[in-house]
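Colleague: Here's the letter readout for the chains.
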Amino acid sequence: GAGVSQSPSNKVTEKGKDVELRCDPISGHTALYWYRQSLGQGLEFLIYFQGNSAPDKSGLPSDRFSAERTGGSVSTLTIQRTQQEDSAVYLCASSLRRDSYEQYFGPGTRLTVT
Amino acid sequence: DAKTTQPNSMESNEEEPVHLPCNHSTISGTDYIHWYRQLPSQGPEYVIHGLTSNVNNRMASLAIAEDRKSSTLILHRATLRDAAVYYCILRAYRDDKIIFGKGTRLHILP
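Residue numbers (my numbering), protein chains in the order written: chain A, 3 to 116; chain B, 27 to 136.
Simulated from the structure, these hints should not be mistaken for lab results.
Pulled a few chain A residues facing chain B out of the computed Cβ check, cut under 7 angstroms:
| # | residue |
| --- | --- |
| 1 | 44 |
| 2 | 107 |
| 3 | 108 |
| 4 | 109 |
By construction, the Cβ of each residue, glycine as well, lies at the ideal position given by its N, Cα and C atoms.
I would like the entire structure built from these sequences, with the hints used as guidance.
Modeller: Right, dumping it as structure tokens:
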């Protein structure tokens with residue numbers, strides 16, 4: 003079946019602009035996660051959804067970052083007033099339940115802020 | 027969060043076994059040991075996980091020390107496609123997020 007998909011695959015934006023990144027999880031997966039990976043770094047947790055609610059937003063780096071999930075499926079990560087330090091690969095993952103041992107990752111969106 | 031320590035990089039020859047070590051001396055009783063790997067330009071993928079007993083699956087084996095303070099991921103016969111960053115992760119039962127460290131970059135020599 004289809005895996006986790008993300009769009010766009012690449013996004014170049016000017017500093018100060020807003021961007022929206024989209025994640026389509028595997029059908030039927032109730033848990034959805036956003037991570038980011040800066041160049042040469044490990045993955046950093048951002049936010050987690052169970053259904054449409056976000057019980058853990060602890061990883062969002064600033065109030066410029068927000069995310070929502072609608073219909074228990076698609077999620078959008080929004081970055082307002084982008085800064086150069088926001089440049090990274092943003093990865094989405096989903097799992098069947100929040101305590102499932104395996105998370106399935108998408109290919110990521112590479113964001114470049116110029 | 028309990029932390030893990032892995033070598034920054036390792037090399038292995040193609041078609042030979044690879045043993046990737048991980049130290050986790052502060053592991054707690056509810057922590058599972060998970061391994062993920064990230065191939066170039068891709069998102070991470072699950073490899074294997076265990077609690078106390080050694081585990082085998084089609085991708086790899088996981089050997090867990092008796093005191094659970096360390097573990098080893100074993101690739102029985104490395105191929106060039108196994109070149110990736112391997113992450114050793116501790117995740118408590120019913121934990122939601124995965125805390126990734128820096129991982130071990132595995133180079134496979136033809």
